[in-house]
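As given, the protein sequences belong to chains A and B, one line each in that order.
Note that the numbering used here gives residue 122 to position 122 of the first sequence, counting from 1, and the numbers run on in steps of one.
To convert a position in the second sequence, counted from 1, into the numbering used here, add 406.
For the record, the hints were derived by calculation from the structure and aren't laboratory data.
The model shown is predicted, which means the values in this text are computed figures rather than measured ones.
Where a beta carbon is used, it is the ideal one built from N, C-alpha and C, also for glycine.
Careful, some of the hints might be misleading.
Which stretches of chain A does chain B cover? Using the computed rule of at least three CB atoms under 8 Å from a CB of chain B, they are [to be verified]:
| no. | stretch |
| --- | --- |
| 1 | 19-30 |
| 2 | 103-111 |
Here are the in silico distance ranges between beta carbons for each label pair [to be verified]:
| no. | chain 1 | residue 1 | chain 2 | residue 2 | range |
| --- | --- | --- | --- | --- | --- |
| 3 | B | Gln419 | A | Val246 | 52 to 58 Å |
| 4 | B | Gln471 | A | Ile359 | 55 to 61 Å |
| 5 | A | Ala174 | B | Ser475 | 17 to 23 Å |
| 6 | B | Gln419 | A | Gly87 | 39 to 45 Å |
| 7 | A | Pro327 | B | Leu492 | 38 to 44 Å |
| 8 | B | Ser475 | A | Pro327 | 58 to 64 Å |
| 9 | B | Gln419 | A | Pro327 | 26 to 32 Å |
| 10 | A | Glu62 | B | Gln419 | 19 to 25 Å |
| 11 | B | Val496 | A | Leu135 | 39 to 45 Å |
| 12 | B | Ser475 | A | Gly316 | 57 to 63 Å |
| 13 | B | Phe414 | A | Pro327 | 21 to 27 Å |
Each chain, written out:
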Amino acid sequence: MTEALFILVVVIVTALAFDFTNGFHDTGNAMATSIATGALRPRVAVGLSAVLNLVGAFLSIEVALTVSNKVVSIQSGDGTPIESLMGIPILTIVFAGLVGGILWNLTTWLLGLPSSSSHALFGGLIGSAIAALGLGGVKWDGVITSIIIPAVAAPVVAGFVAGFGTWAVYQIVARVPQARRDKGFRWGQIGSASLVSLAHGTNDAQKTMGVITLSLIAYGSWTDTEAIPFWVKASCAVAIAAGTYVGGWRVIRTLGKGLVEIQSPQGMAAETASAAIILSSSHLGMALSTTQVATGSILGSGVGKQGALVRWGVAGRMAVAWVTTLPAAGAVGALCWFVAQSIGGAIGVALVFAFLVAISTWMFLYSRKTPINPGNVNADWRGGLAPVDETDAVEPVAVGAQPERS
Amino acid sequence: MEILTNAFGALWQVAAAGLLLGAGLPILFALGVRSLDRNRVGIPVVMAPEGTVPAGEPTRTEASQASVSGKAGAALCFGLCVIASLFGIVVIVFGKQMFG
Numbered sequence: 001m002t003e004a005l006f007i008l009v010v011v012i013v014t015a016l017a018f019d020f021t022n023g024f025h026d027t028g029n030a031m032a033t034s035i036a037t038g039a040l041r042p043r044v045a046v047g048l049s050a051v052l053n054l055v056g057a058f059l060s061i062e063v064a065l066t067v068s069n070k071v072v073s074i075q076s077g078d079g080t081p082i083e084s085l086m087g088i089p090i091l092t093i094v095f096a097g098l099v100g101g102i103l104w105n106l107t108t109w110l111l112g113l114p115s116s117s118s119h120a121l122f123g124g125l126i127g128s129a130i131a132a133l134g135l136g137g138v139k140w141d142g143v144i145t146s147i148i149i150p151a152v153a154a155p156v157v158a159g160f161v162a163g164f165g166t167w168a169v170y171q172i173v174a175r176v177p178q179a180r181r182d183k184g185f186r187w188g189q190i191g192s193a194s195l196v197s198l199a200h201g202t203n204d205a206q207k208t209m210g211v212i213t214l215s216l217i218a219y220g221s222w223t224d225t226e227a228i229p230f231w232v233k234a235s236c237a238v239a240i241a242a243g244t245y246v247g248g249w250r251v252i253r254t255l256g257k258g259l260v261e262i263q264s265p266q267g268m269a270a271e272t273a274s275a276a277i278i279l280s281s282s283h284l285g286m287a288l289s290t291t292q293v294a295t296g297s298i299l300g301s302g303v304g305k306q307g308a309l310v311r312w313g314v315a316g317r318m319a320v321a322w323v324t325t326l327p328a329a330g331a332v333g334a335l336c337w338f339v340a341q342s343i344g345g346a347i348g349v350a351l352v353f354a355f356l357v358a359i360s361t362w363m364f365l366y367s368r369k370t371p372i373n374p375g376n377v378n379a380d381w382r383g384g385l386a387p388v389d390e391t392d393a394v395e396p397v398a399v400g401a402q403p404e405r406s
Numbered sequence: 407m408e409i410l411t412n413a414f415g416a417l418w419q420v421a422a423a424g425l426l427l428g429a430g431l432p433i434l435f436a437l438g439v440r441s442l443d444r445n446r447v448g449i450p451v452v453m454a455p456e457g458t459v460p461a462g463e464p465t466r467t468e469a470s471q472a473s474v475s476g477k478a479g480a481a482l483c484f485g486l487c488v489i490a491s492l493f494g495i496v497v498i499v500f501g502k503q504m505f506g
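Can you make the complete structure from the sequences, with help from the hints?
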C-alpha cells in the first residue's frame with residue numbers, strides 16, 4: 001500500500017465517522033419534541049428518523065463537491081483540488097479538518113448541547129487551512145455570509161415563526177379538550193418531524209459525500225466532478241442513518257426536556273417551522289443550520305405559549321457553544337494538521353488518527369458515568385442534563401428515571 | 407457591505423416563506439383539529455357541570471362523535487397539510503432543479 005493510498009483510506013474512514021457523529025448529534029433536531037410529548041416512543045422515533053435519513057441520503061441528486069469552497073481556498077471552481085495541493089497535501093488538510101469537526105461534535109454531545117455539525121466541519125477545515133496555507137487560505141467573506149450571519153439569523157427567524165405559529169394554534173384550539181387536542185397534534189408532530197429527518201438526510205449526508213469524492217479526486221482515482229461513486233453515496237447514507245439510530249440521547253434530552261416544557265401543539269408548530277425554514281433557506285441561497293433552526297423553533301414554541309416554561313439558562317449555554325464552535329473546531333483542526341505535517345506522511349496521519357480514536361473512546365467512557373438512554377431521556381429536568389437518581393440523597397423527593405412508555 | 411445587503415435580502419425571503427408555511431400549516435392543522443371537535447354529537451355520558459360549557463353548545467363527553475360537517479372540514483384541512491408535505495418532499499428531492 002502506498003503512502004497516499006493509506007492516507008486516503010484513513011480520510012474516508014474519518015469522513016464516515018464524521019457522518020456518523022453528524023447523525024446522532026442531530027437526531028434530536030427532528031425527534032426530540034416527539035419523544036418529549038410521547039407522540040413516539042423513543043426507540044420508534046430514532047428508528048423512523050434513521051430510515052428517513054437513509055432514504056433522504058439516497059434521494060440526494062445534487063453533487064455537493066464544492067461544499068468547502070464557501071469558506072476555504074483548497075478547491076477550484078469546479079471542485080477539483082487546486083493544483084499545488086493535489087495529492088497528500090489536500091488529503092492532510094481535509095483529514096485534520098474532519099478530526100476537528102468530530103471532536104467538537106463529541107464534546108458538545110457529551111455536554112448535551114445541540115450544535116451545528118456543518119459549522120463544526122467548516123470550523124475544522126478553516127483551522128487546518130489556516131495552518132497549512134496561512135490566513136489567505138480562508139475566504140473571510142464566506143465565513144461571514146455562510147456561517148456567522150446564518151448563525152445569528154437562524155434562531156431568531158425560526159423562533160419568530162414557531163412562536164407565532166404556537167400562539168395562533170393555541171388560540172384556535174383553546175376550547176378543544178386537551179386529550180383530543182393532543183391526540184390530533186401528535187400525528188401532526190410525527191409528520192413534521194419526518195419531514196425534518198428527510199431533509200436532514202439529504203442535506204447533511206451530501207456534505208460527507210462531497211468530502212469523500214474530493215479526496216478520491218485528490219488521490220487520482222476519480223475524475224468526474226458531476227457525479228459521485230455509488231459506494232460513496234451508499235456508505236454515507238448508511239453511516240448517517242446508523243448514527244441517527246444510535247440516537248444522541250443527551251442532545252435529545254436537552255432539546256425535548258431541558259429547553260422548554262413542551263406539549264404536542266408546540267411540538268408540531270416547532271417542527272413545521274423547522275421544516276419550512278430549512279427547506280426554504282437552502283433554496284434561497286442562505287443555508288441555515290438544521291440544529292440552529294430546530295433549537296430556535298423549540299425556543300419559539302415556548303415563548304409563543306402563554307405560561308410555558310422556557311429555561312433561558314439552557315439556551316444561554318447553547319449560545320456559548322455556538323459561538324465557540326468555529327474557534328474550537330478550528331483550533332483542533334490546526335493542531336492536528338501541524339502534528340500530521342511535522343511528523344509527516346502516513347505515520348503523522350496515523351498518529352493523529354490514533355489520537356482521535358483515543359479521545360473518542362475516553363469521551364464515550366466518560367459519558368457512561370451519567371448515561372442518558374431511552375429509559376431516562378424523558379425524566380424530569382432538574383437543573384441539569386443528568387436525571388436525578390432514586391439513590392440521590394440530596395433530593396428529598398426522588399424522581400427516578402421514568403420507564404419507557406409502552 | 408454588499409454581502410450584508412444580499413444576506414439580509416435572502417433572510418427576508420426565508421422569513422416570509424417560513425411564516426407562510428411554517429406557521430400557516432400548524433394553523434391549518436389546528437383548524438382541522440377544531441373542526442373535528444365542533445358540533446360533536448352523541449349521548450352525554452357525564453353531564454358537564456352548569457356553567458362550564460357555553461349556552462347552546464352540545465355537552466362534550468367521551469362518548470361523543472365528530473359530526474359529518476366537522477369531519478369534512480377536518481379532512482379538507484388535513485388533506486391540504488398532506489399536500490403541502492408532499493410538496494416539501496418534492497422540494498427536498500428536486501429543489502435545486504426547480505429553483506436553480
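Do the hints match the structure? See the list:
For the stretch 19-30 of chain A, the proposed coverage by chain B is not satisfied: 0 residues have a C-beta within less than 8 Å of a C-beta in that chain, short of the threshold of three. With a cut-off of 8 Å between beta carbons, the stretch 103-111 of chain A has 0 residues touching chain B; three or more are needed, and the interface restraint is violated. Take glutamine 419 of chain B and valine 246 of chain A: their Cβ atoms lie about 36 Å apart, and the range 52 to 58 Å is violated. The hinted window of 55 to 61 Å between glutamine 471 of chain B and isoleucine 359 of chain A holds, with their beta carbons roughly 60 Å apart.
Between alanine 174 of chain A and serine 475 of chain B the Cβ separation comes to about 20 Å, which falls inside the hinted range of 17 to 23 Å. Between glutamine 419 of chain B and glycine 87 of chain A the beta carbons are some 42 Å apart, a value that agrees with the proposed interval 39 to 45 Å. About 42 Å separates the C-beta atoms of proline 327 of chain A and leucine 492 of chain B, a value consistent with the hinted range of 38 to 44 Å. Against the hinted window of 58 to 64 Å, the Cβ-Cβ separation of serine 475 of chain B and proline 327 of chain A comes to about 60 Å, which satisfies the hint.
For the hinted restraint 26 to 32 Å between glutamine 419 of chain B and proline 327 of chain A, the CB-CB distance of approximately 30 Å keeps it satisfied. A hinted range of 19 to 25 Å holds for the C-beta pair glutamate 62 of chain A and glutamine 419 of chain B, which are about 20 Å apart. Judged by the Cβ atoms, the range 39 to 45 Å given for valine 496 of chain B and leucine 135 of chain A holds: they are separated by roughly 43 Å. The beta-carbon spacing between serine 475 of chain B and glycine 316 of chain A, approximately 49 Å, falls outside the hinted interval of 57 to 63 Å.
As the Cβ distance of phenylalanine 414 of chain B to proline 327 of chain A is approximately 25 Å, the hint placing it in 21 to 27 Å holds.
In the structure shown, a violation is registered for the earlier hints numbered 1, 2, 3, 12, in ascending order.
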